[in-house]
Structure formats: C-alpha cells, structure tokens
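Which chain is which? The protein sequence lines are A and B, in order. According to this note's numbering, the first sequence is numbered sequentially starting from 80. According to this note's numbering, the second sequence is numbered sequentially starting from -11.
Hints may be right or wrong, so weigh each one.
[Claimed, not checked] 30 Å max Cα-Cα, derived DSSO-like pairs, lysine-lysine:
1) B/LYS70 / B/LYS161
2) B/LYS225 / B/LYS203
3) A/LYS331 / B/LYS161
4) B/LYS189 / A/LYS332
5) B/LYS189 / B/LYS203
6) B/LYS161 / B/LYS203
7) B/LYS189 / B/LYS161
8) A/LYS331 / B/LYS189
9) B/LYS203 / A/LYS331
10) B/LYS225 / B/LYS189
11) B/LYS225 / A/LYS332
Think of the hints as simulated: they come from the structure by calculation, not from any bench. Please read all numbers here as calculations on a predicted model, not as lab measurements.
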Amino acid sequence: MYIATARQAPAAGGTGRIAGNVLALGAVSLLTDVSSEMVTAVLPLYLVLGLGFSPLQFGVLDGIYTGVTALVRVVGGHAADRWQRRKFVAGLGYGISALGKLGLLAAGTSATAMGLVLAGDRTGKGLRTAPRDALITLSSEPSALGRAFGVHRAMDTVGAFLGPLAAFCLLWTLPARYDVVFVVSFCFAALGFLVLVLFVRDHRDVLPRVAVSLRAAFGLLRSRPFRRVCLVACGLGFLTLGDGFVYLLLQKKLDVELAYVALLPLGTAGVYLLAAVPLGSLADRVGRWRIFLAGHVALFGAYLLLAGASGISLLVGVLVLHGVFYACTDGVLMAVAGPLVPDELRTSGLALLQTGQVLARAASSVLFGALWTWFAW
Amino acid sequence: MRVLIVVLAVIALGAGATAYALRAPDSVSVAVEAGPVELVSGRLVFVDEVSGRVASVPLSSPGGPRRVSSLSCKRFYTAAGKGLCLADASGPLPGSAAVFVDRSLAERRRVEVSGVPNRAKLSADGRMASWTTFVTGDSYAQAGTFSTRTAILDTETEVYASNIEGTRVEGMKLANDRNFWGVTFTPDDRTYYATLSTAGKTYLIQGDAAEESAKALRENAECPSLSPDGRRVAFKKRVPGDGARPWRQHVLDLTTMVETPLAETRGIDDQVVWLDNDTIAYGLPGEGIWAVQANGEGAPRQLVPHASSPSVVVG
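Next comes chain B alone, as it looks inside the complex (with noise of 0.2 Å):
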C-alpha cells in the first residue's frame, strides 16, 4: 500500500514537472523583413530575443521589421564594420566562445573561454576586444559564489591576456577577491575603462593595456562606457532599494568629476551603448531596448521590443 502510494506519487509529480516543462513559452511575434544583416552605418545591431540571433532595423525607424541573420550570440558588438559575437558554448560546464565576425557576419576567429557570456566591447576602431564572462564556484567560503574573467585581445598585437584580475592598481593591495569587468576602449587602443570590485565595492578604474596597470577614479561604478566624444562615461551606480538590479544610470564628466543622474528610474543591468554624443541605449530584461538622453533630461523611449545588446554602426 505505502509502495503504491509512493509509485503513484513519482507518476504524478513526473508528470506535472514534465507538463511544467514543456508549456508552450508565451508566444511572441515580431515583424521580419527579408534582407542580409550587415554591419553598414545607419542600422541598429541587437540580438533579437525571439531567436536569440543577431538581427539589425535601421536607426531611422527601429520599432520597424527587423533583419535577423544566422548569427547566435549572447552578447553582440559592432564598431568600425568589425563585429564581436559573446556567444554560449556550454557543454555540460558552462562555457562561451568570443566570435569576431566580418561585415557581413562571417566568422573570422573564435577564441573560447570558461564561464557564462556577459560583456562583450570593441574599440572605436575595432584593434582592441574585450569580453567578461562569470565562473561559479571559486570562492573561498563556499562553492557558489561567483566570479568574472575578463579578458583584452589586441587584433594587432595578438597580445591576449585572457583574464587581467593581474592588473596592478595604484594604492591597492593585490588581493585575491579582484574581479573586473565591463571595459570600454579610448581611441587611443591602449587606455580603457573598467569596474573593479573589491572587499565588497566597485571602483571606476582608468587602465593601461599595455602597462597592465589601473588606477581607481571613483567608488560606486559599474559597466562604464566611454562617449564617441570621450569627455563623458555613462555607468551605472548601486543604489538603496530591495530587489535585483538595484542600480540608476549615471553619466560622469570626466574632466569636472560631475556626474548627473538620467531619466531611466528602471534599474539597468547593462553596459550601456552611445547612439551619439547625446543618446544612450541599453537594454531591460523583457522589455527590449529603449533610449534616453544623456543629459539626464527627457524620458526614456522604446526602441526596438524584444531585443537586447544594441550597438550601432559608426561612420
């Protein structure tokens, strides 16, 4: 009898995880236009959430049909007609693959890495790459906690270093509780941006790549991205409140240390894009990506619904 129950008890919480399982995902449709997706100016480059591919719609009009290519990637960014697709290559560990991709979305190499894709950036001129992935279970404490690998390729140089948590930082102790992630490349492909987190804080850093050095900036700082004009850093900043993605986007004048809060209230948990010198874009999780003004007036607007990882094509 109790054997039966027991029996009877697998089939049904079986079944129920299985029918859980398989429930047919909320089916979304967005409107597609027949076309090559190619990394020529004027367009905007995302990854389409539908079909997790990276597709394009032109900045004219981005709520329009869009272009979706074969390309799949978590994590896609384009400058200077060069493209870097953070795709996932996970085997039964997690692991994911940089992709660099020609204009026209061809691969041209791959480089692959440990962890779960998350930042990927070019410089201006497409020499420098970057990509952050998170890697679980390397705490001291306890298994689970997590930790990011950041790695800079220099396409030029072919110096790679595949995680720069080596970095020296001016005033700082060599700890072993480093992570850095989200770099932002200046034109001259040697300095970048980055978040530094330590002893439980963040730090805006301003690194050399080829010194491997850094020096902090300012405290409270996370997934800095450099304006086209280079006087400005959007990023955002951890703010009270309870509940995930507890952070307001800030933007900070490099050259007064001022920075202004911008109209986006909504937490962003993204390294965020510059349209131009007056519009960021970034994306929100089920909500597609949306676009705001830099100057912290104005209202934040949709751009393009179920899309996430915007970049644009530049000049």
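Isolated chain A (complex conformation) (with noise of 0.2 Å):
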C-alpha cells in the first residue's frame, strides 16, 4: 500500500507534527549515522596499526572518491525520477554502505579491496543523499519544509554524535579489535536498513509520470530561482573552509593536544544539533534563503574570530557560530531548492545541487590544503 497520505493530508505548516516519513528517514539516518562514524573515527588506527599500511596511503584518493560520487549522486538522482522509486534507490544507497562494513573485514591486508569497499562505501552515500532529501520535501507540508529538515537533521547528528564515542569505547574495552567496531557498525547499518524498508513509505503514484531525462534534469538549471541558488549555494561552497582546516587553526591557535583535535567536531555537532529544529523552524517563517545567508554571516563571524579572539571564548565562539552555521544551511538549502523543482525531478533538481556544492567545497579543500602545505602559516 503506498497510498502517500502526507501529502494530501498534510502536516500542519508551522509548529505542527512532523511527517510520519520525516521522522522514520531521521531513524534511518540516526542509525547508519552511527554505523558510519563508529568506521570513519577508528579506520585510521585500523589501517595504520592493524593492517600496517603507510599513514600516507590513503589521504591521496580522497579527491577520486570525491569525483566517483558526484557522477553516482547525478545518475542515481535521474534514476530515482524516471521510475519514480526515490525509496528504492535511497535504499540501495544505505544498503551498500551497509554490506561495506562487512567488506572492511573481507577486504583483509589487500589496498586494492580496501580502497574498493571504502569507494562502495561512498558510492553508497553518494546515491542515498538525494533521493532521501527528495522523500523529505515531498512528504512534508511545503510550509513547514525548514523544520521537517530540522527534525531530521538533528536526529543524523545525534548519530553522528554517538558513533564516535560507541567505537571508542567499543576499543576501550575490547584493545585492538577493530573487527568488532566492523561487526557492530555493520548491526547498525543493517538495522537502518531494515526501518527504511519498513517504515519509509514511497510518493511514487501521486506524481505525475512524465518524461524524465538526464537532458531534463539538466534543464533545471535553465529556471531562473533554481540556477541562482545553485549558483550562490555552489560559490559559497567554494569559499568555505573545509571543518577540518578549522579544528586545525584552532589547535594551532589554542596550542592545545593534537590528541583533542578529535573532539572539537563534538563542539560544532552538538550546537548544530540543538539549533537545527529552532532555526529550521525560524527559516520557515522569516525566509529560508534569508537564513541560509545569515549562517554564512555566522561563518564569517567564525573566521574572524579565528583570526583575532583567543582563549576560552574563541574556542566556544568558533564552535558555537560554527554549528549554527551549519542549521542554517544545510537542511535549509534542501528547503529552498526543494519547492524550487517540480516534483518529478525533485531528486535530480537536489542531487544537481548537492553534486555542485560537494565539487565546489572539494576543490576549495585542495586549494586551501595546497596554500596550507606549501606556505608555514
């Protein structure tokens, strides 16, 4: 039965309840969120001192992994809108992500199949973005857009939140069993899976079934607000410093331990976590492409501040206007572009935009990691 009551019956705009879809995709994301941050806090360590193989060895594919999943997200967005099956394809996504986890384990000493597992890996979270973004806008009341994202992308951080610290003390307790961090991650992954099946529901017979092409989903770009919010969102993109390059100028600013670099993401994910449904919900009633611009401001404000406070309030500063800079983006953006692209290629239209900005803040990291390593700032 996939008869899509949300939309016909929909949500009241505002301060009502939240899509049943909206929050059964925040389950899906709370939970493979962990899965995926329990892996990518302990890989290092495993890959280095587990398997031996140089620190150096994998920084390098960074950037070809970066352009694989930007070719998936395009094509599995068209996908998702020619059979109408964003459930299907979303699922894929969180299913091969999934499996990968198992794939670490299989892959053993070999780099070839560990750089294989860790590309599926991506390629999975390259195809279930979209789709999944496309499934929350069109689940939602279009009023109300700014929360829904809000709901869900607090409960993604929360994930991201406990993954880290479940295979820290995973490693804690059991010294140097990485496979267990595998096996368990892995249970997460599966289980995210599993509420997807269950409990996601699918819009795929509302929508009116059109032709849909590649060359129609580039045509997007030919509407007016949707090119300018590709473009504006793809520029500011490539003026951000990646997350990374901040912890680094506040350690170097702090003279703090390296060993704590680690923990400052914690700082940024749990503002983002409490702001992310109060600002969605303001972007809803002041403007969300207002909101998304301020958080830009709140950006900027961090990079002063990490050119000129010091101490205790340029730490909580910098983290404080980096996670609110962060709710005031990241779901907001799909909120803006969402109603911006007719339904049926909702998920090309999003995956367009999250292809650009990915691109734009890539080729940012290279040039600012280039400037960071040729020049001893």
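Hints in hand, dock the two standalone chains.
Written out as structure tokens, the structure reads:
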C-alpha cells in the first residue's frame, strides 16, 4: 500500500506534527550515522596500526572518491526520478554502505580490495542523499519544510555524535578488536536499512509520469530561481574552509594537544543538533534563503574569531558559530531548493545542487590544502 | 507488526554481535619458565604477544622457554642495562607512556604523551632516548589521517624535545606536512638517523639533536637502524605491490652509499635491531621474531614465536 497520505493530508504548517515519513528517515539516518561514524573514527587506526598501511597511503585517494560520488549522485537522482522510485534508490545506497562494513573485514590486507570497499561506501552515500532529501520534501507541507529538515538533521547529528563514542568505548573495553567495531557498525547499518524498508513510504503513485531524461534534469538549470540557488550555493561552498581546516587552525591558536582535535567536531555537532529545529522553524517564518545567507554570516564571524580572538571565547565562539552555520545551511538549503523543482524531477534537482556543492567544497579544500602545505602558516 | 520485526532484529543483531565479540580467541600456549627478567647480556628481550608483557630468552636458545615479567609494553628497547618501555595509556583518547626502567625492570621515570605507541629506541650507552607515537585527526583536508610525534630526551642534560617536527632540514622548505619517525642514535649521543616524510615522499635523514638540524641522505627509506659498528643502516624501502606492508628491508653502507636488499621478502613494518654486525632481527605481525643476515645472503629464520619488539643486551 503506497497511498501517500502525507501529501494529501499534510501536517499542519509551522508548529504542527512532523510527517511520519520524515521521522522514519530521521531514524534511518541516525542509525546509519552511528554506523558510518564508528568506522570513520577508527579506520585510520585500523589501517595503519592494525594492518600496517603507510599513513599517507589513503589520503591521496580521497579526491578520486569525491569525483566518483559526484557522478553517482547525479545518475542515482536521475534513476530515482525516471522510475519514480526514490525509496528504492535510497535503499540501494543504505544497503551498499551496510554491506561495506562487512567488506572491511573481508578486504583483509589488500590495498586494492580496501580501496574498492571504501569507494563502495562512498557510492552508497552518494546514492542515498538526494532521494532521501527529495522524500522529505515530498512528505512535508511546503510551509513547514525548514522545520522538517531541522528535525531530520538533528536526528542525523545525534547519530554522528554517538558513533565515535561507541567506537572508542568498544576499543577501550576490547583493545585492538577493530573487527568488533566493524561488526557492531554493520548491525547499526542493517537496522537502519530495516527501518527504511519497513517504515518509509515512497510517493511514486501521486506524481505525474512525465518523460524524465538527464537532459530534463540539467534543463532545471534554465529555471532562474533554481539556477540562482545553485550558483550561490556553489560559490559560497568554494569560499568555505573544510571543517578539518577550521579545527586545525583552532588547535594551532589554542595550542591544545593534537589528540584533542578529535573532540572539537563534537562541539560543532552539539550546537548543530540543538539549533537545527529552532532555526529550521525560524527559516519557515522569516524566509529560508535569508537564514541560509545568515548562516554564512555566522561562518564568516567564526573566521573573524579565528583571526582575532583567543582563549575560551575563541573556542566557544568558533564552535557555536560553526554549529549555527550548519543549522542555518545544511537542511535549510534543501528546503529552499525543494519547492523550486517540480515534484517529478525533485531528486535530480537536489542531486544536481548537492553535487555542485560537493565539487565546490572539494576544489576549495584542495586549494586551501595546497596553500597550507606549501606555506608554513 | 513492523515494530515487532524491528525489536526482533535488534535482539538478533545484538546477540550476534555480542557472540562475535566474546568468541574465544585462538588459544596459544608458549613454554614459560620461572625466573626474573633482567637486562643482562646474553638475553634476547622482547614483548610476549600472549601476555603483552616484557619477556626474555637466552640468545643461545631463543626458541626455548621464556621468562615473562609483569611490565606491560607495546614496544620495548634495551641498551646498556637500561630499558625504555612504550606502553598504552589510553583513556577515551589514545595515549602512551614512555616508561624508563632499570636492569630489573623497575620503573625509574615516566613521560606521558598523546597518541598510539609505535617506536622506541635508546642510544648504545642508554643516555639518549627517542620514541614515536601516531596521532590521528589533525590533517587539513580530512579528519582521519595520521601524523607522527617523535620525541628525543637526553637523560643527562634533561633536554627534551616532545616533537622534533621543528627540526630544520637543509634545502627543504619548512612545510606543515612534515612527519618524523624511527630515530636511531650514533655513539656520540648527538647524531641520529631517522625518517622524514613530506609531500608524499620519505627520506632518510641524518640529524643533530643538539643543533635541531638535519640533512636528507636519500629518498625512500623508513625506520633506520644503525649497525653496532656504526657503518651501516638497515631500513625499510617501499616497493611496488598490493597490500599492507609494501616494504623490503635493505642495508645501506654509509661510506659507499650502496644498498643491499636482504633475503627476507615479506614486508617488514618494524624498526629492526642488530643482534651483531652480521645479523638483524625484527617482528612480523602474527609470526613472531625473525632474524636474517645483513649482507643479503642466507634465509630468514624464526627466533621466537608469539613475540614482537626484539632487542638485545650488549656487553
């Protein structure tokens, strides 16, 4: 039964109930993020200390993966629209990533196999994001989109918060048992997949079955408002420093132990988690585009603090502003863009926007990385 | 119904993961003899992989029963009757302790450092100490890549460099992505050899601990270890190949700069030790401690099973 009630009898705007589909997708993201952040947290330790890979062996590949996921994202978005099967494509993405956790165990000490497993994991992530966000927009009342995304992103961030914690607690009690971390990570991913299959409903019946082609997808860029959103988002993405870079600058200025840099993202995530829903609701009331731009003002404020402030005000200020930046931009941008794209091309449109953003950020990170490496700041 | 399925899945996955985590590790047994572990000549000292503790066997019969101490270390090195134990001191974040011990393994001093234990070395007379730890998550591009922290402590003057990454290297720019590891000292207690990694390449460097300066001797060389006569350096060289540990152990003659590949073809991820001027010893994960001739001839032979981090007491 795929009778999409959420759109026909939508949740009341503003402060009303959040659609069940959004909560279900939030739960899926929470579980999946616990799973993936567990692995992210221990993977370098495992590769270098567990397997004896050279520390430098894996950083190089990161750029290649970004290119691959960009392509996969556009193709996946297109496929989801063409067959109007967003849930299926998202499920494929979640499923591939879940299996990837077992792949980590199976890859053993082969660099090629390990590279393939990691590429598969990125592919899964690339596949699932756009159809998931499209489902959120299609399941929510347009006037409450900002709040719906706020709820989803807050749940997602809870997962990102718990993942590293779970991984380090496991390694603490079972020293050097990276395999246990991967098995537990797989369990969380499998649960996320199961919740998706059982609780998330697709919307393929409601939408008109129009011809959906890749050309139509790129044709979206002919629409002026959508093009403007894409251009501004990519432009701002290019001017954004990578997170790692912000934390590194913070570490250098505060002169804290390098090891504690791992804790700084938790500060950002905590603020993001708390601010996502209120700022999403605010965006619905005062204008999402305005909040999106305000988020970048907050980020600029964080950069100013990095340049000028010191001590505890620097630490707290930067982490709060950085978290507010995420709460103002990540979900809010999807809430801005969703209504600008016709329903039947929703996934393609969001995929296009996300891809542009990812590529802009990657270019910026390569540029800043090169500057950082060659000038000893 | 759907909720029931999820609950059942949680129970099944939880039980499965618990069973996996608690499944009995492959039991290994090694012959152990009673008696104290002391840093005296004629003994091969190492980390017993069964207990994680420092142990020793006579050099004359390394495959025989071992004596096991109560000192837990990830890495251990001994010289001149002194020992340096790099132990795991992790809380929620990875941490290490460099523990200095005397002849009977009693603790004399302790230096707490961040990161995961990796290498430890003393100079021949035990005066200079160096250790390396791995620290994650401080790369500009992504959280999750590695950097090393290598410390040098002069136990006589108490000059302590907690991280030698500020060392000037002749002809090289002071870039941010510089990592040093695997220090080995010469008998003058000042000159050392080590690995420098920068811009994706590794270099064998010769450094001066007092001047905090260094020069690169050659490319593609990691974890040097100086021979007792001070004329050769054993090091691992990256070779093409798929998989972990893509290294081949070589010995470099410092006067002629001629390098010789050793007979061991398995990848050695270790800073090897010299048993004498003709033989090196090293650990292989899961395969114990092995030895091979330093002139490229002969065949590798196993010295001690279920063991790592070998070193010998000389004199």
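Results for each hint:
Distance hint between B/LYS70 and B/LYS161 is unfulfilled; the C-alpha atoms sit about 37 Å from each other, more than 30 Å. As the CA atoms of B/LYS225 and B/LYS203 are separated by approximately 19 Å, the hinted pair is consistent with the 30 Å bound. Restraint check: the Cα-Cα separation between A/LYS331 and B/LYS161 comes to about 19 Å, which is no more than 30 Å; the hinted pair holds. The suggested pairing of B/LYS189 with A/LYS332 holds, with an alpha-carbon distance near 28 Å, which does not exceed 30 Å.
Under the criterion of a C-alpha separation no larger than 30 Å, the hint pairing B/LYS189 with B/LYS203 is consistent with the structure, at around 15 Å. Distance check on the hinted pair: B/LYS161 and B/LYS203 sit about 12 Å apart at the alpha-carbon level, within 30 Å; holds. Only pairs whose Cα atoms come within 30 Å are accepted, and B/LYS189 paired with B/LYS161 is accepted, the gap being roughly 14 Å. A C-alpha spacing of about 25 Å is found between A/LYS331 and B/LYS189, which places the hinted pair at or below 30 Å, so the restraint holds.
A hinted pair counts as satisfied when its Cα atoms are at most 30 Å apart, and B/LYS203 with A/LYS331 qualifies at roughly 27 Å. The hinted pair formed by B/LYS225 and B/LYS189 meets the criterion: a straight-line CA distance of about 11 Å does not exceed 30 Å. Restraint check for B/LYS225 and A/LYS332: not satisfied, since their Cα atoms lie roughly 37 Å apart, outside the 30 Å limit.
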